[in-house]
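> Sequence:
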Amino acid sequence: MGLSLKDVFERTRISVHYLQAIENDEFSLLPEPPYAKNFIRIYAHALGMEEKSILGRYENYLHSLKILEDVPHEEDVGHKFSPAVISRYGIFLGIVLILLIMFVVMKLVPMQYRPSSEAGIDRAAMETSINVASEKKDITVEQKVDKVASPGAEEEQIKAAAELAYEQAQSTTVPAAKIISPKATGGSTGNVPQTVNEVKTSRLVIKAIEETWIRMRLDQNPTFQILLKPGQEVEYKAVVFNMDIGNAGGIVIHFKGEKIENLGKPGEVISLRLP
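Numbers in my numbering are just positions in the sequence shown, counted from 1, shifted up by 249.
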């Protein structure tokens with residue numbers, strides 16, 4: 250028909266990345282099988298092609314993956330536990346042990362010849378350091394347990410996990426705009442330092458009415474995928490949200506105080522950018 254990938258994208262609203270993967274039979278680049286098959290059907294109908302031929306090649310690809318998973322890797326197992334490998338690790342552990350003993354001896358021997366007053370000061374400082382480190386570790390563990398393992402419904406656990414993953418990404422890529430969840434701090438923000446030029450983020454809440462696959466990118470962070478079941482709800486904070494939605498009629502979005510629904514028909518694939 251002489252259509253370019255851009256023309257097919259305008260007709261199907263399927264990402265050019267996935268269209269090219271279908272065209273080149275690079276099925277490993279497609280999402281989960283239910284959504285990949287839906288993309289293939291939409292692609293075939295848009296070009297007036299027979300969908301059975303493409304779906305047949307995709308089924309053969311899935312079958313080959315299953316065969317590869319069932320093949321036992323005896324050579325890898327034998328190599329992993331071969332005498333040469335065990336000997337190599339034994340030598341490495343022996344060297345580490347010798348270095349550790351030398352380090353301990355070098356630290357302990359000079360301490361025996363120092364005045365008792367200096368030794369007492371160092372011992373007290375060491376005990377203080379150990380106590381402080383132990384307290385910090387206990388606080389960190391309690392915060393994580395309160396945030397991730399707190400009793401509640403499955404929706405709350407998914408929301409907490411999403412917030413934790415996003416906070417870790419934000420603290421790595423943009424330290425000045427680190428986000429601290431009120432759940433982890435117990436609602437107290439008095440000791441949290443504020444930045445002068447902090448980037449203003451928006452809150453996005455997605456609630457699933459039907460099972461929906463979503464491919465998301467928050468600001469400049471790496472792209473990730475989620476699969477929501479009916480009734481599940483997730484929440485993210487960012488400046489810009491880019492989404493590929495596999496079931497436009499299967500979700501309701503709350504963004505900046507507004508409720509966004511009826512994004513498309515059930516099963517329709519769309520791309521959405523907010524704001």
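To be clear, the hints were calculated from the coordinates, so they are not data collected in a lab. Nothing here was measured: the structure is a model prediction, and the numbers come from that model. Treat the hints with care, as some may be off.
In silico lysine-lysine, PhoX-like type, Cα no more than 20 Å apart, as pairs [as the list claims (entries may be wrong)]:
#1 K486 <-> K505
#2 K449 <-> K486
#3 K514 <-> K478
#4 K456 <-> K508
#5 K456 <-> K486
#6 K478 <-> K456
#7 K514 <-> K486
#8 K486 <-> K286
#9 K286 <-> K456
#10 K301 <-> K286
#11 K356 <-> K315
#12 K449 <-> K514
#13 K301 <-> K255
#14 K456 <-> K505
Simulated restraints on C-beta separations [claimed, not checked]:
#15 L523 <-> S336: 53 to 61 Å
#16 Q269 <-> F341: 18 to 26 Å
#17 V448 <-> T472: 30 to 38 Å
#18 Y338 <-> R260: 52 to 60 Å
#19 E259 <-> P471: 56 to 64 Å
Every residue gets a Cβ at the ideal spot worked out from N, C-alpha and C, and that includes glycine.
> Which numbered conditions among the earlier hints are violated in the structure presented, ordered from lowest to highest?
Structure breaks hints 7, 8, 9, 11, 12, 13, 16, 17, 19.
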